[in-house]
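Peer 1: Line by line, the protein sequences give chains P and D.
Heads up: the first sequence begins at 1 in the numbering used here, then just goes up one per residue.
Heads up: the second sequence begins at 1 in the numbering used here, then just goes up one per residue.
It is worth saying that the hints were derived from the structure and are not from the lab.
Heads up, a few of these hints could be off.
[What the hints assert, rightly or not] Only pairs whose alpha carbons sit at most 27 Å apart, straight line, appear in this in silico BS3-like list of lysine-lysine:
#: 1; chain 1: D; residue 1: Lys178; chain 2: P; residue 2: Lys625
#: 2; chain 1: D; residue 1: Lys213; chain 2: P; residue 2: Lys570
#: 3; chain 1: D; residue 1: Lys61; chain 2: P; residue 2: Lys402
[Unchecked claim] Pair ranges (Cβ atoms, derived):
#: 4; chain 1: P; residue 1: Arg106; chain 2: D; residue 2: Arg39; range: 54 to 62 Å
#: 5; chain 1: D; residue 1: Glu245; chain 2: P; residue 2: Asp20; range: 27 to 35 Å
#: 6; chain 1: P; residue 1: Glu310; chain 2: D; residue 2: Lys207; range: 22 to 30 Å
#: 7; chain 1: D; residue 1: Lys252; chain 2: P; residue 2: Glu242; range: 44 to 52 Å
#: 8; chain 1: P; residue 1: Gly728; chain 2: D; residue 2: Lys252; range: 53 to 61 Å
#: 9; chain 1: P; residue 1: Leu427; chain 2: D; residue 2: Ile53; range: 55 to 63 Å
#: 10; chain 1: D; residue 1: Met249; chain 2: P; residue 2: Asn807; range: 44 to 52 Å
#: 11; chain 1: P; residue 1: Glu624; chain 2: D; residue 2: Ile53; range: 39 to 47 Å
#: 12; chain 1: D; residue 1: Pro152; chain 2: P; residue 2: Lys827; range: 30 to 38 Å
#: 13; chain 1: D; residue 1: Val255; chain 2: P; residue 2: Glu392; range: 33 to 41 Å
#: 14; chain 1: D; residue 1: Glu62; chain 2: P; residue 2: Glu414; range: 57 to 65 Å
Just so you know, these numbers come straight off a predicted model, no measurement behind them.
Yeah, the Cβ is synthetic: ideal placement off N, Cα and C, and Gly gets one too.
This is what each chain is made of:
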Amino acid sequence: MAKFDSSRIKRTDRIQKLIDDLYADMPEVESARAILITEAYKATENEPLIIRRAKAFQHILENIPIVIRPNELIVGSTTLKPHSCQTYPEFSYEWLEAEFETAETREADPFRVPKKAADEIREANKYWKGKTNFDLATSYMEPETLKAIEHNIFTTGNYYYNGVGHVNVQYDKVINEGLEGVMAKAAAELSSMEVSDGNYCEKSRLLQAIILSCHAVIGYAQRYANLADEMASKESNPVRKEELKQIAVNCRQVPGKPAKTFYQAVQTVWFLQQLLQLESSGHSISPGRFDQYMYPLYKKGIEEGTLTREQAQEYIDCFWIKLNDLNKIRDGESAKGFAGYGLFQNLIAGGQDTEGRDATNDLSFMCIEASFHVPLPQPSLSVRVWNGSPREFLIRAAELTKTGIGLPAYYNDEGIIPMLMSQGLTLEEARNYCIIGCVEPQIGGKTWGWHDAAFYNMCRPLEFVFSSGMDNGEQLGPKTQDVLTMQTFEEFEKAYQEQTEYFIKLLVNSDNAIDRAHAERVPLPFLAGLVDDCIKTGKTCEQGGAVYNFTGPQGFGIANVADGMLAIKKLVFEQKKVSMSELKDALFFNFGDCTPDVVKNNIAGTVTRQMIANGQKIAPSEVEKAVQAVIAAGTTKEKVKRYEEILSLIDDVDSYGNDIEEADMMARDMAYTYTKPLRQYKNPRGGKYQAGLYPVSANVPLGVTTGATPDGRRAGRPIADGIGPMQGRDVSGPTATANSVAMLDQSIVGNGTLLNQKFHPSALSGDDGLNNFVDLIRTYFDMKGLHMQFNVVSREILLDAQKHPENYKYLVVRVAGYSALFTGLSKSLQDDIIARTEQGF
Amino acid sequence: MADLELLNQTGRIFDIQRYSIHDGPGIRTIVFLKGCVLRCRWCCNPESQNYAIETMVQNGKEKTVGRDVTVAEVFETVEKDWSYYRRSGGGLTLSGGESLCQPDFARALLATAKSKGMNTAMESMACASFEVIDSILPYLDTYLMDIKHTNPNKHKEFTGRSNELMLENARKIAESGKTNLVIRVPVIPTFNDSVDEIVSIAQFADKLPGVKKIHLLPYHRLGQDKYEGLGRKYLMDGIVPQDKEHMEMLKKAVVNNSNLVCQIGG
Numbered sequence: 001m002a003k004f005d006s007s008r009i010k011r012t013d014r015i016q017k018l019i020d021d022l023y024a025d026m027p028e029v030e031s032a033r034a035i036l037i038t039e040a041y042k043a044t045e046n047e048p049l050i051i052r053r054a055k056a057f058q059h060i061l062e063n064i065p066i067v068i069r070p071n072e073l074i075v076g077s078t079t080l081k082p083h084s085c086q087t088y089p090e091f092s093y094e095w096l097e098a099e100f101e102t103a104e105t106r107e108a109d110p111f112r113v114p115k116k117a118a119d120e121i122r123e124a125n126k127y128w129k130g131k132t133n134f135d136l137a138t139s140y141m142e143p144e145t146l147k148a149i150e151h152n153i154f155t156t157g158n159y160y161y162n163g164v165g166h167v168n169v170q171y172d173k174v175i176n177e178g179l180e181g182v183m184a185k186a187a188a189e190l191s192s193m194e195v196s197d198g199n200y201c202e203k204s205r206l207l208q209a210i211i212l213s214c215h216a217v218i219g220y221a222q223r224y225a226n227l228a229d230e231m232a233s234k235e236s237n238p239v240r241k242e243e244l245k246q247i248a249v250n251c252r253q254v255p256g257k258p259a260k261t262f263y264q265a266v267q268t269v270w271f272l273q274q275l276l277q278l279e280s281s282g283h284s285i286s287p288g289r290f291d292q293y294m295y296p297l298y299k300k301g302i303e304e305g306t307l308t309r310e311q312a313q314e315y316i317d318c319f320w321i322k323l324n325d326l327n328k329i330r331d332g333e334s335a336k337g338f339a340g341y342g343l344f345q346n347l348i349a350g351g352q353d354t355e356g357r358d359a360t361n362d363l364s365f366m367c368i369e370a371s372f373h374v375p376l377p378q379p380s381l382s383v384r385v386w387n388g389s390p391r392e393f394l395i396r397a398a399e400l401t402k403t404g405i406g407l408p409a410y411y412n413d414e415g416i417i418p419m420l421m422s423q424g425l426t427l428e429e430a431r432n433y434c435i436i437g438c439v440e441p442q443i444g445g446k447t448w449g450w451h452d453a454a455f456y457n458m459c460r461p462l463e464f465v466f467s468s469g470m471d472n473g474e475q476l477g478p479k480t481q482d483v484l485t486m487q488t489f490e491e492f493e494k495a496y497q498e499q500t501e502y503f504i505k506l507l508v509n510s511d512n513a514i515d516r517a518h519a520e521r522v523p524l525p526f527l528a529g530l531v532d533d534c535i536k537t538g539k540t541c542e543q544g545g546a547v548y549n550f551t552g553p554q555g556f557g558i559a560n561v562a563d564g565m566l567a568i569k570k571l572v573f574e575q576k577k578v579s580m581s582e583l584k585d586a587l588f589f590n591f592g593d594c595t596p597d598v599v600k601n602n603i604a605g606t607v608t609r610q611m612i613a614n615g616q617k618i619a620p621s622e623v624e625k626a627v628q629a630v631i632a633a634g635t636t637k638e639k640v641k642r643y644e645e646i647l648s649l650i651d652d653v654d655s656y657g658n659d660i661e662e663a664d665m666m667a668r669d670m671a672y673t674y675t676k677p678l679r680q681y682k683n684p685r686g687g688k689y690q691a692g693l694y695p696v697s698a699n700v701p702l703g704v705t706t707g708a709t710p711d712g713r714r715a716g717r718p719i720a721d722g723i724g725p726m727q728g729r730d731v732s733g734p735t736a737t738a739n740s741v742a743m744l745d746q747s748i749v750g751n752g753t754l755l756n757q758k759f760h761p762s763a764l765s766g767d768d769g770l771n772n773f774v775d776l777i778r779t780y781f782d783m784k785g786l787h788m789q790f791n792v793v794s795r796e797i798l799l800d801a802q803k804h805p806e807n808y809k810y811l812v813v814r815v816a817g818y819s820a821l822f823t824g825l826s827k828s829l830q831d832d833i834i835a836r837t838e839q840g841f
Numbered sequence: 001m002a003d004l005e006l007l008n009q010t011g012r013i014f015d016i017q018r019y020s021i022h023d024g025p026g027i028r029t030i031v032f033l034k035g036c037v038l039r040c041r042w043c044c045n046p047e048s049q050n051y052a053i054e055t056m057v058q059n060g061k062e063k064t065v066g067r068d069v070t071v072a073e074v075f076e077t078v079e080k081d082w083s084y085y086r087r088s089g090g091g092l093t094l095s096g097g098e099s100l101c102q103p104d105f106a107r108a109l110l111a112t113a114k115s116k117g118m119n120t121a122m123e124s125m126a127c128a129s130f131e132v133i134d135s136i137l138p139y140l141d142t143y144l145m146d147i148k149h150t151n152p153n154k155h156k157e158f159t160g161r162s163n164e165l166m167l168e169n170a171r172k173i174a175e176s177g178k179t180n181l182v183i184r185v186p187v188i189p190t191f192n193d194s195v196d197e198i199v200s201i202a203q204f205a206d207k208l209p210g211v212k213k214i215h216l217l218p219y220h221r222l223g224q225d226k227y228e229g230l231g232r233k234y235l236m237d238g239i240v241p242q243d244k245e246h247m248e249m250l251k252k253a254v255v256n257n258s259n260l261v262c263q264i265g266g
């Protein structure tokens, strides 16, 4: 007998209605949370911080407006308007006020900010001046760190401005024991303490705060129960009336008490999912192995005859929609980097159980089915692939990929499990891993992974090798050897390594400063109750209470650095076809095009510095004149002609991503320049740093602030995506690309790697197409690749969607670590996706 | 171990394409041999037709089409995807041009693949003496054979040659039982895309012993720019590819009039 029922299930009419309502309007910013948290903080000035946090959480949950939307079966909304957001002034707020006017018209992820809400938020924000997480983090950073951030060598903006999130909590415990179980555990811990214990003060207050937060959540569910009853009493449609009554029953039961049914378990998971995000503004709170922890109640319902597969599917579909109801406003720059309103709630199906047996069940298939039914960006659906994965499951996943939704992402158990064990997890824990956010593996319920800690632009130190650490006329990096005196490629490599290691240190300084600020300013008591071992240790996650602690900043731009390094090695040092001085000029003058701001600013800075050194007066008109003179001298006809020759010579050098050993080995070495030095560093929670290699979609905006690179990439243009080859240079097909990428040592990249591939739908046509597609993934995974994801959509469709966005409201494409609505992306990112080589032909 | 003599055999190719997934089982690498006996008007690889090395303009750049290589050199690329073949049951596919125009090279490539345990396939019109074909069959797992038309005159008009030899060879290959023979039909508007013409091919194929599958390959124009690049005129200018409904209708006709399994596309 088969271990699972994989038959397809039809979507109900309710689901389309819910989807339509969700996207009927532009998302809005609401003011309730900002007002309530400010009130609560003002009323609790002299209390311990953790108690203040819990009381603020309670005040919010008791007073924030609640709503049950038409047709909903799973309830709990953070905002009155669908798909809208609250604000979190305790983390940061200045950027938000500055963008009230422009948020509605900006290209990436626009939001409407109604005047009344803007005024109320502004009023509340006054209280937070100098008191935010951002303020404290800044004061912890060294001046050179702040300089490096200002110059876009790396960005740590994610947690600098916002909550951390990036966690998977003990959904299973709350389903089985209810929050009452969590409270009982905290109470028992409290009663085991003596008031004379050295850590009594802070630990007892944390335990009290956990209990208070759980009460607050139960009270919030109670409000929904009352609202449902009230609506039921007025409802004339008998079917809806019964639905509302059932909602009331559910909300009286969960999440306080154990879920009795599958339906209630879905409601439990949703309340946790929603309220963890309301507690802090952290994103990437990931439901993880939903098909595993939901299975016992599913099985029970089916066996007892109290649940049909069709009902279960509808509850799951409704949960999928709720995951898209949450939203978050980011600052304009970050919005470009995370484009697509993404909250990166990663949910993973399939894989192994803790004892190494295949864990695929009915729900694994129903998770895929839900993404067929609800083709929206959330959740970030993932599937685990291992040597024992049922073929049928992988083929179903491939069928979903074929729809062009960009889901699921595929993860390799055979690579990830040993990697996690090398970080100290037990075999059983490693086998039970889930994925957080984009691509970050961890054991759920006991890890504070600080994944996504920074974007580190690997191309910037390469620029600094040519300028000996100068940027825009400022000495930013170390003064490495003058490139013009370099005799060997090894000297060049050494300088690059030196620049890299210097900036990695500053990155660590920045992350640790922010990490400390979170511990001191915004510890999260509700979260602490749901992650081991916070109750035992008496510390929140931010304070180091989790069993496993990491910090995972990700580097990107391997392809550009590798191709550039190989070009330098070949053309300058081996073949001597281009002199170092010519190459330096070509890059400085962006191969003859000095119009991008990043080029002009660098020239202006350099010129100004020279003028100061010469004792000249610095008048703007004088500087401008000097800049024009420098540009004119650097871009004469002969010089531009030579730059074009150089570009064409670079073009002829082999590129990473085409299964050419020399180019791929270069990429492997360049990945090491970032991944290896990071491993020596520790965070304030006692955890280790681990590298990630992926840019989400930051490769586009951070490309804008990066000068020309020796791989022939022009200044301001996007940097390569993920760990894949540079866009357009992967001309040898997907197997060659996969072979090349597998050459990188991914086993030490604990924070995850990302390989995007773009396929035309016809490459997946027929049974052969699907089977071969699955075998492509399997083979890449045989070679220890960790992750693979696909855009399957035609170029024509994308171009048409750019022209007529109104016809493509629901067009989802895979962008880096997540799926996004294509029409919501900025034009440049859209172009980038279109430009990716179409493979398979 | 592959025979050294085989590895040193040279031949002329114009392309190698990896991750080919619709030309034989599994994930495959196609080696395109240069030179062809026919001159099909719709040919999407016009640069394959002449044996001589040519210059073709592509994206504004001149490109040399055709190079002489040894079997060993070809396998340097082919073997890069070994792990994909193992996973998927794929391997090497020869295409062209007409591979049989270089019989010694084709045989050496296929024999080398078999000696390494690799699955083999060949796309071919079987336009050569049967002795030549027969010497290759022991090394060929799947023969993807084109049959374009059953009418000799029309065949000659559109491809430059009559079809008697090819149809005769199809029979002999099928009767030999040495390879899995699959019939493929490029479905070309104005040439063979009527129900009667397709059914006639299907009925011929159905009578071949052991043949179970027929592929209908829809016409496409992806090769059009190459004619210009070679300084040649595209004789099919203005011919529009069939719509999906038409292809489905032809498929239905094949299924109704034969015992063959029919698929659209390779």
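Peer 1: Between P:Glu624 and D:Ile53, does the beta-carbon spacing fit 39 to 47 Å?
Peer 2: At roughly 56 Å between Cβ atoms, D:Ile53 and P:Glu624 fall outside 39 to 47 Å, so the hint is violated.
Peer 1: Measuring from beta carbon to beta carbon, are D:Met249 and P:Asn807 in 44 to 52 Å?
Peer 2: For D:Met249 and P:Asn807 the Cβ distance comes to about 30 Å; the hint is violated.
Peer 1: Could you say whether the range 53 to 61 Å given as a hint is met by the Cβ separation of P:Gly728 and D:Lys252?
Peer 2: 42 Å, violated
Peer 1: Given the hint of 33 to 41 Å, check if D:Val255 and P:Glu392 actually sit that far apart at their C-beta atoms.
Peer 2: For P:Glu392 against D:Val255, whose Cβ atoms are near 27 Å apart, the range 33 to 41 Å is violated.
Peer 1: Please check whether P:Glu310 and D:Lys207 have a Cβ separation lying inside 22 to 30 Å.
Peer 2: 49 Å, violated
Peer 1: Given a hint of 54 to 62 Å, does the C-beta separation of P:Arg106 and D:Arg39 actually sit inside it?
Peer 2: 58 Å, holds
Peer 1: Confirm or reject the claim that P:Leu427 and D:Ile53 have a C-beta distance inside 55 to 63 Å.
Peer 2: 59 Å, holds
Peer 1: Does D:Lys213 pair with P:Lys570 here, judged by a C-alpha cut-off of 27 Å?
Peer 2: 51 Å, violated
Peer 1: Are D:Glu62 and P:Glu414 spaced within 57 to 65 Å by their CB atoms?
Peer 2: 46 Å, violated
Peer 1: Take a look at whether the Cβ-Cβ distance between D:Lys252 and P:Glu242 falls inside 44 to 52 Å.
Peer 2: Hint holds: Cβ distance 48 Å, inside 44 to 52 Å.
Peer 1: Does P:Lys402 sit within 27 Å of D:Lys61, going by the straight-line distance between their CA atoms?
Peer 2: 35 Å, violated
Peer 1: Confirm or reject the claim that D:Glu245 and P:Asp20 have a C-beta distance inside 27 to 35 Å.
Peer 2: About 31 Å separates the Cβ atoms of D:Glu245 and P:Asp20, which means 27 to 35 Å holds.
When the structure is compared with the earlier hints, violations turn up for hints 1, 2, 3, 6, 8, 10, 11, 12, 13 and 14 and for no others.
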